[in-house]
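Q: Chain by chain, the residues run as shown.
2 protein chains.
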Amino acid sequence: MSPDDRSNRLELVELYAPIVGGLARVEAEFRSLTENKKAGFPALYQMLCHVLVGGKVLRPVLTLLSAGCFNGETDRIVPLATASELLHIATLVHDDAIDKADTRRGKPTVSKLWGLEKAILLGDFLFARAGEFAAATGNLHVVRLFARTLQIISSGELRQSFAAFSPEQSYEHYLERIAGKTAALFVLATEGGAVLAGATDDGVKALHDYGYNLGLAFQIVDDILDFTGDEKEMGKPVGSDLRQGTITLPALLLMQRSPGDNPVDRLIRGEDREANIARTVSLVRGGDIIEQCYAVARGYRDRACGVLDSLPDSPARRSLMELADYVIRRDR
Amino acid sequence: MSPDDRSNRLELVELYAPIVGGLARVEAEFRSLTENKKAGFPALYQMLCHVLVGGKVLRPVLTLLSAGCFNGETDRIVPLATASELLHIATLVHDDAIDKADTRRGKPTVSKLWGLEKAILLGDFLFARAGEFAAATGNLHVVRLFARTLQIISSGELRQSFAAFSPEQSYEHYLERIAGKTAALFVLATEGGAVLAGATDDGVKALHDYGYNLGLAFQIVDDILDFTGDEKEMGKPVGSDLRQGTITLPALLLMQRSPGDNPVDRLIRGEDREANIARTVSLVRGGDIIEQCYAVARGYRDRACGVLDSLPDSPARRSLMELADYVIRRDR
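These protein sequence lines map, in sequence, to chains A and B. Just so you know, we're using the working numbering here: the first sequence kicks off at 14 and counts up by one. Just so you know, we're using the working numbering here: the second sequence kicks off at 14 and counts up by one.
Don't read these hints as lab results, they were simulated from the structure. Any given hint could turn out to be false.
One copy or any two copies: either way a pair holds, since identical chains are not told apart in the list.
Calculated lysine to any residue pairs in the SDA-like style (CA-CA distance at most 25 Å, straight line) [what the hints assert, rightly or not]:
{"id": "1", "residue 1": "K50", "residue 2": "E181"}
{"id": "2", "residue 1": "K125", "residue 2": "A114"}
{"id": "3", "residue 1": "K113", "residue 2": "I341"}
{"id": "4", "residue 1": "K69", "residue 2": "D274"}
{"id": "5", "residue 1": "K245", "residue 2": "N84"}
{"id": "6", "residue 1": "K249", "residue 2": "R343"}
{"id": "7", "residue 1": "K120", "residue 2": "P325"}
{"id": "8", "residue 1": "K69", "residue 2": "E244"}
{"id": "9", "residue 1": "K50", "residue 2": "H186"}
{"id": "10", "residue 1": "K218", "residue 2": "L296"}
{"id": "11", "residue 1": "K120", "residue 2": "P55"}
{"id": "12", "residue 1": "K50", "residue 2": "A176"}
{"id": "13", "residue 1": "K120", "residue 2": "G273"}
{"id": "14", "residue 1": "K218", "residue 2": "R316"}
{"id": "15", "residue 1": "K51", "residue 2": "F178"}
{"id": "16", "residue 1": "K50", "residue 2": "A192"}
{"id": "17", "residue 1": "K125", "residue 2": "G258"}
{"id": "18", "residue 1": "K249", "residue 2": "G67"}
{"id": "19", "residue 1": "K125", "residue 2": "L321"}
{"id": "20", "residue 1": "K50", "residue 2": "R161"}
{"id": "21", "residue 1": "K51", "residue 2": "K113"}
{"id": "22", "residue 1": "K245", "residue 2": "G68"}
{"id": "23", "residue 1": "K125", "residue 2": "R256"}
{"id": "24", "residue 1": "K113", "residue 2": "L129"}
{"id": "25", "residue 1": "K51", "residue 2": "R190"}
Predicted, not measured: the structure shown is a model, and the values here were computed from it.
Extracted from the complex, chain A is given alone in its bound form:
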């Protein structure tokens, strides 16, 4: 563990203080979901062990902290926290299968280890288990929000897939895509948490807006890290998005600066792929584009924190504020 690594962990530990009990219960759900298959279906057990270990559990954290702003009891929050992480993992498993990615979080992907067929089916299984946990909240608002979230995510992925290497790229399309890809799932966690904790309509709206803006900030930083990150820290190669034909904010800004005459446009036109990816990464890293992207991300972070001002102070609210800073500061 590097010193940087250690300081990241410590920060998160402090953030998580108000919800350690809830998080332990989410992890227990994962363990029981996995262990249940050990005897009867050992192959599935192995796949579950592989995917359910080692994530940042950011979505459960968001769910529990959002509920914590309203002092709700956690019995019905834990199933939603579990559902939001399972849904997240299911989309990652399908994404990696589609992208033919070899590694995720520094480990081989499911599709790499077990093949495409098993990856599709494991993703479907995780969607289903996520749905069962959402249903276990016993709350129809949350169930509808869950189904709608899956729909927004899958339409977003479809749009991204049809837009790959497309010459029509705009900031609006980019925002729409990352809203569908990331912010929707953050909203499920934060709005759902507020609903289950019995928040008023205004409280639910505040947590909806927090999740949405934090999700945008989070994804923009993810897209920055795809250019600036350390390959080992990130657990996947630099420039992965470009390789898939996905044009994110840094590449978009580069295109806007020299319309037509830049390596991203050349990549889109199908010219020498690896050389243009390397050239794009180098130009983005060399100039002030990264700083400009961070400024956009901080803008959404500020909006996220701004809406929390309407809520009474609490340890959970303070953690949500700090989490928003962490999302900008993180290096992977």
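Starting from the known structure of chain A, arrange chain B on it as the hints suggest.
A: Structure of chain B alone, referenced to chain A:
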């Protein structure tokens, strides 16, 4: 249209008489779901047109008839009928992607036309839309049943995938697989329909059992038709299951008759694939195995009809009885 074809259609028209209004509303839901994408997302519109047209809509029929046994109003039944068909189509889209199938119902598959990536994402989108319709019933029993059904289907598919070309094949494994693959979705339609129509616990149980047994009978006939069907009528090649390594009832019975010394075992051992598939099809068609399989299917059909005896007579109940006969009689 052949004379046989015409008589099949007429029978179905009579069966559907008690629910024509409901079926029209399900089709309207499909139309509106598709048309909604026409302007904003034309690529998705085209894919939806391709998959949402021309099925037997058997699951909506089951949902509406099951509800019809209890005189429930149809407002909340239509969303479940729609959800059950969308869930069915979603699983077909993923199945075809996994099996690398070229045709389905005589048309090219989604994965053939748009590629694997789009097929995975379209399947996910349809799961999501199905989930939204299930949530629109506003009934938590139905929502839980829906999530559980998706889980049973996806575990079943995973089991089938891990069991492909496996030497361990038994009647029990086969039943377990077809229960997960087909009967679970029938149960969603029939039990869910009964629940939404306000049936008593006994009524719900009866419709659960009807759907389960009918599903088994239906899948056994499907597996028979994979051996005996006309390639053009079926819209897919004969022996498709064997080609995927899926050992169904006819092949299982052949294995039991000459343990070790038969073309199915040779296929499993990886010997000359096409020759052993052709030999299996020919042996199954030539002997009395098909009749034996039909006897098993009729046994489940009889159980399905038997449980309906506990319900008062009604046009919907009569249609469910006739539908059970049709499931055995159909030739595709």
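Q: All the hints need checking, so say for each whether the structure fits it.
A: Status of each hint after checking the structure:
Taking identical chains as interchangeable, the C-alpha atoms of K50 and E181 lie at most 25 Å apart only when they sit on different chains, with a minimum of 19 Å there against 46 Å within one chain. Taking the shortest Cα distances, K125 and A114 sit within 25 Å of each other both inside one copy (7 Å) and across copies (22 Å). Within a single copy, K113 and I341 get their C-alpha atoms no closer than 28 Å, and across copies no closer than 43 Å, so neither meets the 25 Å cut-off. Within a single copy, K69 and D274 get their C-alpha atoms no closer than 39 Å, and across copies no closer than 54 Å, so neither meets the 25 Å cut-off.
Within a single copy, K245 and N84 get their C-alpha atoms no closer than 40 Å, and across copies no closer than 63 Å, so neither meets the 25 Å cut-off. In this assembly of identical chains, the alpha carbons of K249 and R343 lie at most 25 Å apart only when taken from the same copy (16 Å versus 52 Å across copies). Proximity of K120 to P325 under the C-alpha cut-off of 25 Å is found in neither arrangement, the shortest distances being 42 Å within a copy and 59 Å between copies. For the identical chains of this complex, K69 and E244 are intra-copy neighbours only, at 18 Å inside a copy versus 51 Å across copies, given an alpha-carbon limit of 25 Å.
In this homomeric assembly, K50 and H186 come within 25 Å of each other (Cα to Cα) only across copies, at 17 Å, whereas the closest approach inside a single copy is 42 Å. Taking the shortest alpha-carbon separations for K218 and L296, neither the intra-copy value of 40 Å nor the inter-copy value of 66 Å comes in at or below 25 Å. Proximity of K120 to P55 under the C-alpha cut-off of 25 Å is restricted to the intra-copy arrangement: shortest distance 20 Å within a copy versus 37 Å between copies. When the C-alpha separation of K50 and A176 is checked against a cutoff of 25 Å, the pair qualifies only between copies, where the shortest distance is 16 Å, while the shortest distance within a copy is 39 Å.
Proximity of K120 to G273 under the C-alpha cut-off of 25 Å is found in neither arrangement, the shortest distances being 38 Å within a copy and 41 Å between copies. For a Cα distance limit of 25 Å, the shortest separation of K218 from R316 inside one copy, 13 Å, qualifies, whereas the shortest one across copies, 52 Å, does not. When the C-alpha separation of K51 and F178 is checked against a cutoff of 25 Å, the pair qualifies only between copies, where the shortest distance is 22 Å, while the shortest distance within a copy is 43 Å. Taking the shortest Cα distances, K50 and A192 sit within 25 Å of each other only across copies (18 Å), while inside one copy they are farther apart (35 Å).
Both within a single protomer and between protomers do K125 and G258 lie at most 25 Å apart by alpha-carbon distance, with minima of 21 Å and 22 Å respectively. Taking identical chains as interchangeable, the C-alpha atoms of K249 and G67 lie at most 25 Å apart only when both belong to the same chain, with a minimum of 15 Å there against 43 Å between chains. In the homo-oligomer, the alpha carbons of K125 and L321 never lie at most 25 Å apart, since the shortest distance is 42 Å inside one protomer and 49 Å across protomers. Within a single copy, K50 and R161 get their C-alpha atoms only as close as 29 Å, which misses the 25 Å cut-off; across copies the closest is 16 Å, which meets it.
For a Cα distance limit of 25 Å, the shortest separation of K51 from K113 qualifies neither inside one copy, at 28 Å, nor across copies, at 30 Å. Taking the shortest Cα distances, K245 and G68 sit within 25 Å of each other inside one copy (16 Å), while across copies they are farther apart (49 Å). Taking CA atoms no more than 25 Å apart as the test, K125 paired with R256 passes in both settings, with 18 Å inside one copy and 24 Å between copies. For a Cα distance limit of 25 Å, the shortest separation of K113 from L129 qualifies both inside one copy, at 9 Å, and across copies, at 11 Å.
With identical chains, the CA atoms of K51 and R190 are at most 25 Å apart between copies only, with a shortest distance of 19 Å across copies and 38 Å within one.
Of the hints listed earlier, those the structure fails to meet are numbers 3, 4, 5, 7, 10, 13, 19, 21, in rising order.
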